[in-house]
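Chain by chain, the residues:
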Amino acid sequence: MPETAPNLYRPMRAEVLEVITETTTIKTIRFKPEKPISFQTGQFIELTIPGVGEAPFTPSSRPAIADVLEVSVMRVGKVTEKVHQLHKGDTIGVRGPFGNGYPIEEFKGREVLVLGGGCGFAPLRSLMYSFFDLSGQFKQLYFRGGCKTPSDFLYRTEIESWAQRPDLNLELTVDKGDETWPGHVGLVTLILDSVKMDFANGVAVVCGPPIMMKFGTRKVLEMGFREENIFLSMEKNMSCGVGKCGHCRLGTYYPCKDGPVFRYNLIKNSPEIWD
Amino acid sequence: MRLISVKGASSEVIESAVLKKRDLKAFLDKLSISYDVYFPVKRNNHRFLRKYTGSADDIIIGEVRPVEPIKAFFTPARERVVEGFLQDVPGSHRKPLAIFGVKACDLQGMKVQDHVFKNHGFKDPFFIRNREQNLIIGADCTCAIDTCFCLALGVQPYPTADFDLNMSTLEDSFLIEAGSDKGRALLEECASLFTQATDHDNEARDAQRAEVIKAVEKNIQTYDIPRHDRFQGIIERNYNSEIWEDEAKNCVECGGCTQICPTCHCFLLYDQKDDMQMRRLRVWDSCLLKGYARVAGGGNPRKKLWMRLRNRFDKKFDFFPKVAKVYACTGCGRCISVCPAKIDIRRVLRRLVNHA
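Listed in order, the protein sequences are those of chains E and W. For the first sequence, the numbering used here gives the first residue as 1, with consecutive numbering after it. For the second sequence, the numbering used here gives the first residue as 1001, with consecutive numbering after it.
Honestly, the hints are just simulated from the structure, not real lab data. Incorrect hints may appear among the rest.
Here are the simulated lysine-lysine pairs, DSS-like style, with alpha carbons at most 30 angstroms apart [claimed, not checked]:
(1) E:Lys88 with W:Lys1273
(2) E:Lys268 with W:Lys1322
(3) E:Lys214 with W:Lys1315
(4) W:Lys1118 with E:Lys257
(5) E:Lys257 with W:Lys1273
(6) W:Lys1123 with E:Lys32
(7) E:Lys257 with W:Lys1304
(8) W:Lys1118 with E:Lys35
(9) E:Lys214 with W:Lys1322
(10) E:Lys148 with E:Lys176
(11) E:Lys27 with W:Lys1273
(12) W:Lys1315 with E:Lys257
(13) W:Lys1303 with E:Lys148
(14) W:Lys1315 with E:Lys268
(15) E:Lys257 with W:Lys1325
(16) E:Lys32 with W:Lys1273
(17) W:Lys1290 with E:Lys257
(18) E:Lys78 with W:Lys1304
In isolation and in its complexed conformation, chain E is listed as follows (with noise of 0.2 angstroms):
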């Protein structure tokens, strides 16, 4: 090939270090790929089962963190019923990492609301290193969280103990509690009222499942946040993730490529946004 472009749809080899059961459905499974994936959160990653097939996951690892890289996988399909049977010492296969992540720099010296729900814990633990990295950096962070129930969520442990940190001011909540939980109950947009900044010059993440993040986004919209400054992870089919397959086109973007991370005020015409 006298035009040589890399192939990149050949993973890179990596090899299983750990597999964690975070809940009944979601396991974590930290790898070491061949050579290091420098990656931005909020970027994802295609992660193949060699023989079985590949998925895209979000890396919830701290992104200064190179050589090994972790992935929370919920078991939803093929692949993932894969993932959930992995080992240490197993080989798997890597691609990435693609697309835009969150423009932290553009962060700095603001306040920033983190607005997650289920799954999007994943992408926001990477956001959260991110941000804890930076400390200091930030005006204020607030993470406000949901999920179904106690039992449901992602690393409840490590982000129960985040509420020590003097820079992070943090509430949780789940739709149905039980004896284990001391928080709110309720959905995630009903705790936000706690939330005292500078909402028109303030920073709002919004990632989770596509129903909160139909709420969440008109719940920071209501609060005063401006959409440019309103940041939402989407979902959508990726596959190639270098914008050619067509399988992720979110009106004239291919998340792949041009998000996952959007800026509300691009996408908010495209009809199938929280579809």
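Take the given structure of chain E and dock chain W to it, following the hints.
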């Protein structure tokens, strides 16, 4: 031989020539030394491309486009893109292709394919490998079939660009025009096969082109097909129209329209089921199929078939003009012929344009 001097060039450059029909085989033989040569033939009233293996008795240079679009040479329906964790791009080493009889609608389709795979963002190594070093030998259409409506898309029924050589079929010869340096060099190299084009040859070509234009215009009138200058905003304006549900009533979700379309480019990365080894194929996909946009957990932005039919038109008449300044339809009419439900793009366009 007519020699036309090109300003700035160090030597005179041959721009056009005439090849006698009886010398076509000699030309094919010459090309087949360096190329795998493909040309159109006709079977049961349909045209197909077949590989030249020494006989060219059934060659049809003119007429209209073949059943398959030429995208199949550059992004085959099924192509291996990964073999284990190997660094090398797998693939068979073949001679470059010389494809004869390529029609203007297929060349227009390659504008979209080139935008996706070659000219925009990540350069696809497989497409580039398949696309480069080939010889594209275009040909004027010498007739129109009733599904032809290229002129409505602003595409002439004869190639005007993006070819190495172009052939216009005359009575007992072909008028050949060069469209690239490679084409000019070839005219030079094979000079002994050619004679000089006369004014009469040029006039004969022009007269034939005018005849075919008239035939396509007649189709446009007969089927009341709107022209591309009326396409702007037709998708946005009709996004929530009942047209989609109505048109999708009989759709059987076969995906034929996307397979046969010269501009459709969507693919699926498919990992072959094998415990021992990873092998990834790129296979043509279709946005008409239910699982196309489905995400993990079952969410699907286009649950209903009519939403997927709308998406096909959205991509062609809204997405591509916005991102690449080209309508992803060439007026080739293949999707009309292939559809078992008689979903007719000419009718859909008419409804979209006329709907208030």
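Checklist line | Hint numbers not upheld by this structure, sorted from lowest to highest | finding: Going through the list in order, the structure violates no hint and respects every one.
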